[in-house]
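Novice: Take a look at the letters that make up each chain.
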Amino acid sequence: MPPSTVCTAKASYKKAPGLLELTDTHLQWSQDGKKAPSIRVPYAELASLFCSKEGAAQVRLKVGLVSDDAGHNFTFTSPQPVALSERETFKRELTNIIARNRSTAEPTTPKPVIATSPITPVSNGHPPPLRPSGAATPALPPPISRAASVVSSGGTPGPGGAVSASDFKLRKKVLVNNPELATLHRELVMTGQITEAEFWEGREHLLAAQAAADSQKRGRPGALVDPRPQTVEGGDIKIVITPQLVHDIFEEFPIVAKAYNENVPKPLNEADFWKRYFQSKLFHAHRASIRSSATQNVVKDDPIFDKYLEKEDNELEPRRQRDEEVEIFIDLGATQEDHDVTGNEKDITMQAGKQKGVLPLIRKFNEHSERLLKSALGEDGPTTKRRRIDDDASHLRDYYAQIDIEDLHDLQDTTGIILEMQDRQRYFEGGMKSAASEDASKHEIDIKVALREAKDNLHDWAGALSNLKLEKKAADASVVAMTQNVQARLTTKTRKNDIPEGLFRQMRTCQTAANEFLRQFWSSVYPPLSDLQSANPPTPAQKAAKAAKMAGYLAKTHEKVEALVRTAHAEGIDPERVRVAMKPLTDAVDQALTFHRTRKPVNAK
Amino acid sequence: MDKPSHISVILDLSPSQWHLSSLPENPHPLSLRSFLSQLLAFLNLHIASKHENTLAVFGAFPSKSVMLYSSTDPEADNTENVNPNMYHPFQVVDSRVVTRIEEELESLDQSEEEAPIGLVGALTKALCYINRIIHPSASQSSGTTSEDPTTLPDPRILVLSVSPDLSTSYIPIMNSIFSAQKLKVVIDVCKVYGPDTVFLEQAAHLTGGSYIYLDRRDALLQHLIMSHMPSPALRKLMTVPTQDKIDFRAACFCHKNIVDIGFVCSVCLSIFCAPVPVCSTCRTKFPIKTLQRLNASRPPGLKPANGALKTAPSTPHTRGPSTPR
Ligand SMILES: [Zn+2]
Ligand SMILES: [Zn+2]
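Each protein sequence line maps, in turn, to chains A and B. Position 93 of the first sequence, counted from 1, bears residue number 93 in my numbering, the numbering being contiguous throughout. Take the position in the second sequence, starting the count at 1, then add 1000; the result is the number in my numbering.
Next comes chain A alone, as it looks inside the complex (with noise of 0.2 angstroms):
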């Protein structure tokens, strides 16, 4: 089956005249009068994409690719308006392609998307193909980040709007990684019963999580590399070299990456340089521990590595000079000299270099960090986080500044917002003061009466308490009835739950799928969680629309559990239990549909 076409128009590439062709798979290109075409970029290829002004001479359209920015140039052939709504196509469809490669593309060889064009920018009057995420500089390889600015690839993934690509692999993976809304989203919507657009509706924060966390990206680990040996019999150790290892090792250690270039292919082959590192001396002056001495029996003199050896790292200046400022707070020689004149005792806690054999693996530390940081804020090019601290340097000089700490700063304005409720008194007494002045009114009572009665109830109570004695009848009532109290909670607490699993499964079921149709219910009657979440709220009349549906699978709840109630009985299980179990869900399925058909009348007109 010949693949089918997306769109095409008359282009030239190289001044040729041809055809290009979107395919669902590849974009091609042939050259007139030729069957085969010359060019064709599978859609994983496609990275940037650039246009030429509008009203330019020529209609053009380049193509990056990830293995290669400069790409291809198309120019459009036909005469200028079609070449332009042919062009518009392609760039609509290209940006897509790009889009989804873009939220698919490794993490480790993030590619920028045009944002604006070396050639022309994206002509005015249309809006961007892409909405660049943050502010992208195409012209600098992007900083290593691990929080990357990508929202989301294209699109809101709003309701009732086509689903893209992307969209439906974030939702199937929302669904892998939450298995009890994948059971939802089976029962409910691989069913039939809701639509996949009314599922999402209301779950949209869950797909920006997952958007959010695809679009991070790793960072470089932390540990040193340090390739750990595994014995094997015969005394042997074996380290298994990947091209990550060896990538590394070259970066951690530029020693190893020159004597790499000098020393392979001529005279050591790959697997003999490295066989031989790592039995040199080189190797295991690069470890992170002292542990070396443990096999230190493998080391061997070797005429190649032993001349990239370097001299240990521990006189008391390190090898490696730091060429920036030190900062004079963080200076301890800052004030060396003030010590004398101030009496204070010279400090011994903190000298570099005490204990001479630790040095070099500080300083390896501190050189492994450093690097791990630069690698962070981007070495290479003056990103915005490096120009941020390169600002702050340039305040250096202003010293209070610098030890003016906010946080030390007395809050001058905190007043706090005083909390008083309008009207408590009428707020709290409104309604009580009824009940009251009801009982109060029905008799009339005179305080005076009602005191001089308390009074007299006083009067002998020693010989009302000798008289004391509890009716019978009364006592054994209120036993009763307590003891029925306690009775009733400790049968919950301990009946053990005997419902049939398939029984108790098709009940599980009915309450999730009716708690759901109560999200959607309520939801579309409610204003929806923030205004952020959807682009395009659903109109009044939608909303409406889905109240009415999902009242309709509500008003169907009573059916679906008596039929569960018959099943139980069937089974000879007490159906009163089934039903007791399902009143909470009944109870909210009658509310939802009691205040469906109340409103519906104030709706209609």
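Nothing false has been slipped in among the hints.
Pairs of lysine to aspartate or glutamate, EDC-like flavour, derived with a Cα cap of 16 angstroms:
| hint | chain 1 | residue 1 | chain 2 | residue 2 |
| --- | --- | --- | --- | --- |
| 1 | A | 455 | B | 1102 |
| 2 | A | 455 | B | 1109 |
| 3 | A | 10 | A | 32 |
| 4 | A | 448 | B | 1104 |
| 5 | A | 448 | B | 1102 |
| 6 | A | 455 | B | 1103 |
| 7 | A | 448 | B | 1106 |
| 8 | A | 455 | B | 1106 |
| 9 | A | 448 | B | 1113 |
| 10 | A | 354 | A | 317 |
| 11 | A | 455 | B | 1104 |
| 12 | A | 448 | B | 1109 |
Just a few of them, taken from the derived set where beta-carbon distance is under 10 angstroms, the chain B residues facing chain A:
| hint | residue |
| --- | --- |
| 13 | 1101 |
| 14 | 1113 |
| 15 | 1218 |
Just the calculated beta-carbon pair ranges, DEER-fashion:
| hint | chain 1 | residue 1 | chain 2 | residue 2 | range |
| --- | --- | --- | --- | --- | --- |
| 16 | B | 1184 | A | 455 | 36 to 44 angstroms |
| 17 | A | 515 | B | 1266 | 22 to 30 angstroms |
| 18 | B | 1206 | A | 181 | 33 to 41 angstroms |
| 19 | A | 484 | B | 1064 | 36 to 44 angstroms |
| 20 | A | 358 | B | 1267 | 49 to 57 angstroms |
| 21 | A | 216 | B | 1184 | 43 to 51 angstroms |
| 22 | A | 402 | B | 1206 | 47 to 55 angstroms |
| 23 | B | 1064 | A | 486 | 31 to 39 angstroms |
It should be emphasised that the hints constitute simulated quantities derived from the structure, not laboratory data. All values reported here derive from a predicted model rather than from experimental measurement. Glycine is no exception: its CB is placed at the ideal position from the N, C-alpha and C atoms.
Let chain A serve as the given structure and place chain B with the ligands on it in line with the hints.
Specialist: Frame of chain A; chain B with the ligands shown alone:
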């Protein structure tokens, strides 16, 4: 085995409520006299059940609250006419409690209307008292009682209530509940007469106590013994009756209507039945856009009449029937 226990009993002594309670048309009328005899029997039982048990009795009178008796009060020893047929400590408690009630009733000013009951005061005093006895080292100067920290009593409060909720005391009662929670003091409530009180229901629920609505008021003593005699420690082994339904739904701050879904101020958590432009509690102004959005998407049937906020709330029903949760 079990620790000594302390009860601070709070007596609701509103003369008019007791008058109503004793009226013969009640299903089971209960007079103050009968109440006192049964109460005294219960107090004696508490003292007798363990030598180290302690007791305090507080009276809530119209517009005032007083401590009527406490085990740590030396005054309590001055008893006149000794009854040789009675266990002496019982007599001390009984006569002291009754005498003090008499004194306090005597000093009530005889106005036309009965002043609001001093329940909050009594509750607060009880909490202060308990706080003092469970932190003896801080307060006890001379050794009136020898309290070794290991034998400190397990404290609880028992409220015997006859008055309806006093709405103005909502906030102080809630604060007392929080203090009780912090002190780990259980509040038991026995509603002897009158309608259920929401505040005391919540007090019992929130402090882990039990709330009893007294149906058979002629069997008060039976109830007290079965429900309020076992100490909190003992209740882990022995279930005591309590009320099993409490209405937790919130009432809107504007009309005191019970709402299923309300609008909550994001600053102070006040609850409203309809979106409001300004929070009436903390005066926070809400963005007009939010207000419009909330109003626009509210179900048409629920939109309030515009005057609703201004007119005094009409609340024909005090509370809806409490729903079992
Ligand atoms: Zn209201
Ligand atoms: Zn507020």
